[in-house]
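Student: The residues making up each chain are set out below.
There are 2 protein chains.
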Amino acid sequence: MDKEAEYRNVRNAALRLASLSDEERSAMLLKMAAAFEENKERIFRANREDIEKAGKDGISNALLHRLVLDESKLASAIEGVKSVASQKCPLHEVREKRLLDEGLVLEKVTFPLGVIGMVFEARPDALIQIVSLAIKSANGIILKGGKEASLTNSTLYEIIRETLDGAGSVMLLSSHSDVDTMLKMEGYIDLIIPRGSNKFVRYCMDNTHIPVMGHADGICTVYVDSCADMDTAVNVCTDSKVQYPAACNAAETILVHKDAAETFIPLFASSLEQYGVTIHADERSLPLLKDYSGKVMKACEDDFHTEFLSLELAMKVVDSIDEAISHIAEHSSHHTDAIVTCDDTNRERFFNEVDSADVFSNCSTRFADGYRFGLGAEVGISTGKLHARGPVGLEGLTTTKWLLSGNGQIVRSYTGRDARHFIHKDLLP
Amino acid sequence: MDKEAEYRNVRNAALRLASLSDEERSAMLLKMAAAFEENKERIFRANREDIEKAGKDGISNALLHRLVLDESKLASAIEGVKSVASQKCPLHEVREKRLLDEGLVLEKVTFPLGVIGMVFEARPDALIQIVSLAIKSANGIILKGGKEASLTNSTLYEIIRETLDGAGSVMLLSSHSDVDTMLKMEGYIDLIIPRGSNKFVRYCMDNTHIPVMGHADGICTVYVDSCADMDTAVNVCTDSKVQYPAACNAAETILVHKDAAETFIPLFASSLEQYGVTIHADERSLPLLKDYSGKVMKACEDDFHTEFLSLELAMKVVDSIDEAISHIAEHSSHHTDAIVTCDDTNRERFFNEVDSADVFSNCSTRFADGYRFGLGAEVGISTGKLHARGPVGLEGLTTTKWLLSGNGQIVRSYTGRDARHFIHKDLLP
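Chains as they are written, first to last, in my numbering: chain A, 1 to 429; chain B, 1 to 429.
Warning: the hint list may mix true and false statements.
When chains are identical, the list treats them as one kind, so a pair holds in a single copy or across two.
With a cut-off of at most 20 Å between alpha-carbon atoms, the simulated EDC-like pairs for lysine to aspartate or glutamate come out as follows [to be verified]: (1) Lys425 x Glu273; (2) Lys199 x Asp217; (3) Lys97 x Glu395; (4) Lys82 x Asp426.
By construction, these hints were calculated from the structure, which means they are not laboratory data. None of the values given here were measured: they were computed from a predicted structure.
My request is simple: use the sequences and hints to build the entire structure.
Tutor: Structure representation (structure tokens):
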């Protein structure tokens with residue numbers, strides 16, 4: 001079968017999926033969850049083979065960590081499938097309903113996007129998450145996973161194909177050249193979601209006419225305001241940096257109001273000590289780190305544009321919330337930025353003026369995640385301003401149609417002398 | 001001032017606009033409407049000069065028709081400004097609100113997109129419409145109008161600048177090379193909306209990294225089902241074709257169920273006679289047009305892919321609603337497609353299976369328009385499936401942010417033994 005025919009089959013299977021009821025699609029998910037549970041030894045075996053091979057190939061520890069699919073990760077992935085199954089159906093939701101004129105009713109209703117093309121990195125549990133979201137939202141899904149996880153991914157895929165009758169809407173690609181084919185399948189894929197390195201995401205954006213959703217960088221900032229509660233500030237900044245530094249929602253930059261700097265910086269430093277965090281400190285914060293036992297170096301401008309993805313951070317003292325907001329506008333990747341403050345006015349200003357997908361107050365940037373947000377799961381995090389922004393769950397996989405039902409109305413009646421007038425009455429509460 | 005500084009000024013002015021209240025922005029619009037009214041003779045004078053020049057340059061009648069801004073068109077444009085002013089504010093709308101855990105509240109809230117770059121064709125009244133939508137939604141707007149309307153556009157722009165204090169958020173460009181500059185201003189423009197020829201829209205899409213919203217083609221179809229009411233079918237098809245054939249929402253193709261063909265086609269043909277419509281008829285419809293006094297020719301496959309934008313149409317007899325839906329999937333530009341039917345099951349199938357921005361039953365395709373839909377006005381019609389689809393009014397000019405307010409929550413508390421559990425309780429009705 002040629003490539004185009006394969007892609008067309010996915011599109012057709014997605015249409016069949018869309019003709020099922022939400023209950024039927026949720027039942028498919030529960031069946032899939034049970035099949036993963038029953039076949040877990042088979043999955044672990046495949047994963048161990050992948051890990052063994054990766055070990056021989058000498059992949060990094062961070063990548064190895066993501067590759068592992070053990071009892072606890074599989075259990076939480078299976079929980080995720082059940083959680084997606086229990087989410088409200090994102091389809092056929094009437095967003096607007098308006099009486100245009102007698103007998104002429106307009107509705108704006110949600111429908112599946114169509115077919116999603118997803119390229120993801122080492123984590124095989126991402127496959128489970130993404131397939132669940134695609135099935136629940138009645139979209140076709142074409143997946144290309146990282147080669148390190150190829151055996152785990154193909155095992156998961158086999159289990160899905162064995163279990164589900166309607167699994168034709170799911171397709172797993174295996175060869176690297178499939179990515180370039182995917183980027184060219186304009187008529188068959190409605191949205192590309194690349195999850196991978198900054199460079200890879202940009203490569204996708206530059207080489208396709210299909211819309212791409214995702215994020216390239218995750219340069220997240222926590223700003224500690226003048227009136228921040230010190231315990232909160234230390235906890236939030238520490239968690240944002242160290243809880244999982246390889247994640248895109250980990251903080252890279254800490255901004256500190258000058259009035260808080262003398263108290264906050266030494267306290268924060270002593271909290272970081274046990275983790276061995278390297279601090280790139282600007283001129284004003286440097287002297288306040290004299291007792292820090294970890295590594296400190298003078299920050300250069302580039303450090304504030306760097307996504308460290310490791311136990312390193314950049315730190316800067318600012319004169320005002322205005323300077324903090326300007327710094328974020330200039331340096332942040334508009335992913336997640338947080339303020340620690342007790343001042344409601346400053347919180348409001350930060351919420352209104354920081355133009356990022358996620359804007360937080362008094363909590364860790366690490367909450368930026370579809371599961372934590374209550375979306376059931378996420379296909380990724382979007383830093384684009386169009387369509388879906390931030391963690392993208394089921395809603396981001398839908399589009400809308402305008403449905404207009406009449407009984408013979410024509411536009412000529414609304415023009416010229418004796419023209420009819422539109423009523424334009426909203427019918428939704 | 002260099003180009004980049006000019007664009008930066010628009011962005012900053014848009015931020016100031018966003019800090020005003022909705023009442024203040026609506027008051028700006030009413031002031032602008034009054035200024036157009038007061039200065040109408042000045043506007044008409046400029047427009048007459050444009051028309052005179054265009055006449056000498058020998059532009060087409062269709063273009064000339066769009067260029068005219070006379071008493072009635074200005075009056076309806078001014079009405080449009082007032083209608084936009086009276087729309088519900090599209091900003092700070094809470095789309096989701098969820099208690100993640102005690103004291104940790106997540107909201108998804110609408111905000112302005114930022115700065116819109118708009119390139120539009122001859123119609124100067126489009127400038128008025130677009131500026132109103134941008135001001136109401138607190139977006140900056142950078143406009144490049146057609147050169148035929150340059151004097152009219154610059155006069156409208158002068159009036160806006162003279163009238164509004166906060167008018168820095170509006171910028172009119174005049175030189176053709178400004179379009180290429182605009183396409184490169186990635187950091188300063190959030191969305192490009194090109195309105196113009198198919199070729200021009202594709203040029204924009206191919207030459208920018210900024211998201212582009214719009215439509216290239218408008219190949220709209222009306223399908224007359226087996227059980228259609230004949231009067232309705234004739235009226236709807238005639239209006240869809242002839243009411244304003246140069247519009248993107250005019251019908252180009254008429255599909256007829258075989259059981260309706262013998263009755264419908266002669267009736268429809270006699271309704272078209274007075275307009276002198278040329279019919280490209282397939283083999284099965286051709287014999288049913290033997291009494292038609294207008295021009296008839298045998299349709300070729302290309303005719304069903306053609307946006308005639310004039311008094312021409314393609315006609316085809318189909319065996320079933322399935323064939324009609326497949327034909328639309330293959331040939332439509334996913335703009336607006338309509339069914340005429342008395343069968344609710346077929347209407348539902350058409351609504352569910354036709355994957356277009358606007359799907360209508362028993363009414364004219366010409367209703368696909370922001371004003372007629374009750375959106376106040378439109379910046380354009382999108383055939384993309386992401387973000388806004390169909391006529392785009394105020395809502396399409398917004399984005400959302402996720403705002404998370406806590407009191408010191410960190411992610412570490414939700415991991416490991418004794419992990420806290422999320423509550424995930426929806427707080428909106």
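Student: Against this structure, judge whether each hint is valid.
Tutor: Hints, one by one, checked against the model:
For the identical chains of this complex, Lys425 and Glu273 are neighbours neither inside a copy (62 Å) nor across copies (37 Å), given an alpha-carbon limit of 20 Å. Only within a single protomer do Lys199 and Asp217 lie at most 20 Å apart by alpha-carbon distance; the minimum there is 9 Å, versus 33 Å between protomers. Taking CA atoms no more than 20 Å apart as the test, Lys97 paired with Glu395 passes in both settings, with 19 Å inside one copy and 15 Å between copies. Within a single copy, Lys82 and Asp426 get their C-alpha atoms only as close as 37 Å, which misses the 20 Å cut-off; across copies the closest is 18 Å, which meets it.
Comparing the model with each earlier hint shows a violation of hint 1 alone; every other hint is respected.
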